[in-house]
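> As a plain string of letters, each chain reads:
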Amino acid sequence: MTNLIIILLSAVFINNYVLSKFLGICPFLGVSKKLSSAVGMSLAVIFVMLIATAVTWPIQKYLLDPKNLGYLQTIVFILVIAALVQLVEIVLKRYIPSLHKSLGVYLPLITTNCAVLGVTILNISENYTFIEAMVNSLGSGLGFMLAMVMFSGVRSTIEGSDIPESFKGLPITLVAAAITSLSFMGFGGVIENLFS
Amino acid sequence: MKDIIKPVIVLASICLVVTAMLAYVNQLTQPVIKAAEEQAAAAARSEVLPDAKEFIRIDADGLPEEVNEIYKGSDNSGYVVQVHTKGYGGDIKIICGVGMDGRVRGVKTLSHSETSGVGTKAVDNNSGYRERFVGKTKKECADVDTITGATISSTAYKKAVCIAVSACEQVRKVDA
Amino acid sequence: MRTLNNFTKGIVRENPVLVLVLGTCPTLATSTSVINALGMGVAATVVLLFSNILISALRKVIPDKVRIPCYIVLIAGLVTAVQMLVKAYAPALNESLGIYLPLIVVNCIILGRAEMFASKNKVLASALDGLGMGIGFTLALFLMASVREIFGNGTFCGMEIPFLADNKISIMTMAPGGFMVFGLLIACVNKFGKSKPKKTDFGCEGCPQADICGKTGSNDKKGAVKND
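Sequences listed follow chains A, B and C, in order. This note's numbering numbers the first residue of the first sequence as 709 and each following residue consecutively. This note's numbering numbers the first residue of the second sequence as 811 and each following residue consecutively. This note's numbering numbers the first residue of the third sequence as 15 and each following residue consecutively.
There could be a bad hint or two in this list.
Sample of chain C residues facing chain A (criterion: CB under 10 Å; computed from the structure) [said to hold, decoys possible]:
1) 87
2) 168
3) 199
One side of the interface only, derived from the structure: several residues of chain C facing chain B at Cβ under 8 Å [as the list claims (entries may be wrong)]:
4) 80
5) 84
6) 95
7) 101
8) 105
9) 136
10) 138
11) 206
Keep in mind the hints are simulated off the structure, nothing from the lab. Using N, Cα and C, we set each Cβ at its ideal position, and we do this for glycine too.
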């Protein structure tokens with residue numbers, strides 16, 4: 709149990725996908741301008757990460773590994789994720805239109821989001837069990853959400869400030885991201901020592 | 811009807827061709843990858859047990875599940891054990907050489923995914939932590955201090971070394 | 015002249031990283047040391063070159079409806095092949111690039127060029143475009159890695175630099191340093207760049223899904239990067 713909590717907390721705070729592993733930077737910079745879109749995008753990412761892990765983990769363990777086809781991992785995973793995203797979109801549209809309305813626009817973006825492919829590959833290379841893999845995916849998704857939500861707050865503050873001409877737009881956003889990521893580094897020691 | 815069939819056929823044939831190409835490249839590179847891994851593993855073994863010239867892989871029953879493989883060094887020099895334990899970010903894989911006297915000859919981290927700047931204080935091969943185990947017996951290894959600020963990582967590392975030493979002890983008893 | 019232009023535009027004027035702001039994830043993640051950056055750059059360039067050639071050659075065969083899955087399969091195949099070759103002949107590089115090597119599949123530069131250029135142009139032009147973009151990507155990575163390694167680790171390609179080696183600013187090689195150096199570099203490009211840079215507000219512009227992204231992300235979207 710402690711093991712799972714450690715995996716969860718470290719995925720959220722310490723090995724944060726955006727701020728320390730640099731995965732999913734595109735949506736982090738692109739969709740974090742408004743709080744509502746940041747939350748919508750993150751929810752969609754969490755959702756897809758969970759189902760992608762639930763599908764790719766058994767595929768790797770029970771299909772690719774026994775048949776010695778490990779080298780097809782990348783190609784199979786990306787296709788599975790692309791297909792899943794399509795499927796989820798269709799299902800949501802048909803049965804839960806209200807949810808589709810709020811998440812739908814973000815779903816197609818996620819296929820090429822490196823955080824999703826990243827989490828499925830890392831779950832395999834870290835040798836996680838199925839439960840651990842699911843917890844790790846949940847943590848990674850929550851970490852993504854935390855970074856997005858925090859950063860959208862930071863950005864709304866930047867919006868109103870006086871910025872040098874050449875720093876307008878992306879550069880100041882990146883500098884702000886640097887400071888946000890710096891603050892996340894503080895979690896490193898805290899959580900590690902919680903469990904000792 | 812044609813509108814549906816054509817895309818499916820094209821996509822399927824692209825998948826087939828790509829898979830065939832990958833199978834071919836895999837066949838070409840697999841032996842080279844194996845050889846490179848083999849070479850790296852051999853180098854790591856000699857590093858942690860320099861007295862031995864050759865290593866023979868041995869099979870033993872009843873070892874802890876953390877032990878991946880165990881080798882016996884030539885000239886009665888000792889054993890080399892590969893162990894993995896759960897660290898903070900994932901598995902920590904180490905290789906540990908133990909002499910016939912039951913003392914650690916050398917330890918080396920093979921792979922880890924600990925946090926850079928925190929857990930690496932213990933598991934990094936340049937951190938100096940691994941030297942603390944050299945020359946120690948099973949009991950002395952258990953008394954090595956963990957590192958403040960990298961408690962989980964260093965505890966996992968220490969546990970791995972202790973498992974390696976006791977696995978050697980177990981194998982030596984069987985051998986003798 | 016036009017043919018040559020296809021090649022050179024990617025290197026400076028439309029540099030994929032610093033001007034178009036694509037492929038930010040690998041740029042930030044693998045620019046911790048010069049060797050890593052060059053390894054990543056070369057691997058991505060090879061994939062980009064071959065994916066552009068293949069997609070351009072197959073552009074009349076691939077039906078519009080399934081073009082994105084087709085591109086993804088081709089790119090993923092190439093990436094896996096490159097990954098196996100790196101594993102076989104440069105295992106140390108494979109170790110240090112880790113997860114970012116298979117993640118070349120989702121590098122927006124590659125899918126972006128496939129969608130915007132290779133699917134509309136002849137094979138030779140696409141090959142030159144891919145090569146140019148790849149070199150531009152590598153150069154940008156090299157530039158960033160140089161700054162980060164020199165100041166963060168006091169070394170360049172592993173060689174120690176006398177004064178800086180004793181006064182390391184380790185934060186430069188860690189995550190915050192990556193964001194910071196990248197931000198400063200783009201600010202420099204904005205300041206000293208000859209042509210007025212496009213107002214790139216975020217990194218998804220060249221993604222095939224940029225339209226959707228634009229709707230949700232920013233409200234001052236300036237239209238996708240122009241197709242030539």
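> Any hints from earlier that this structure breaks? Give me their numbers in increasing order, please.
2, 9, 10 and 11
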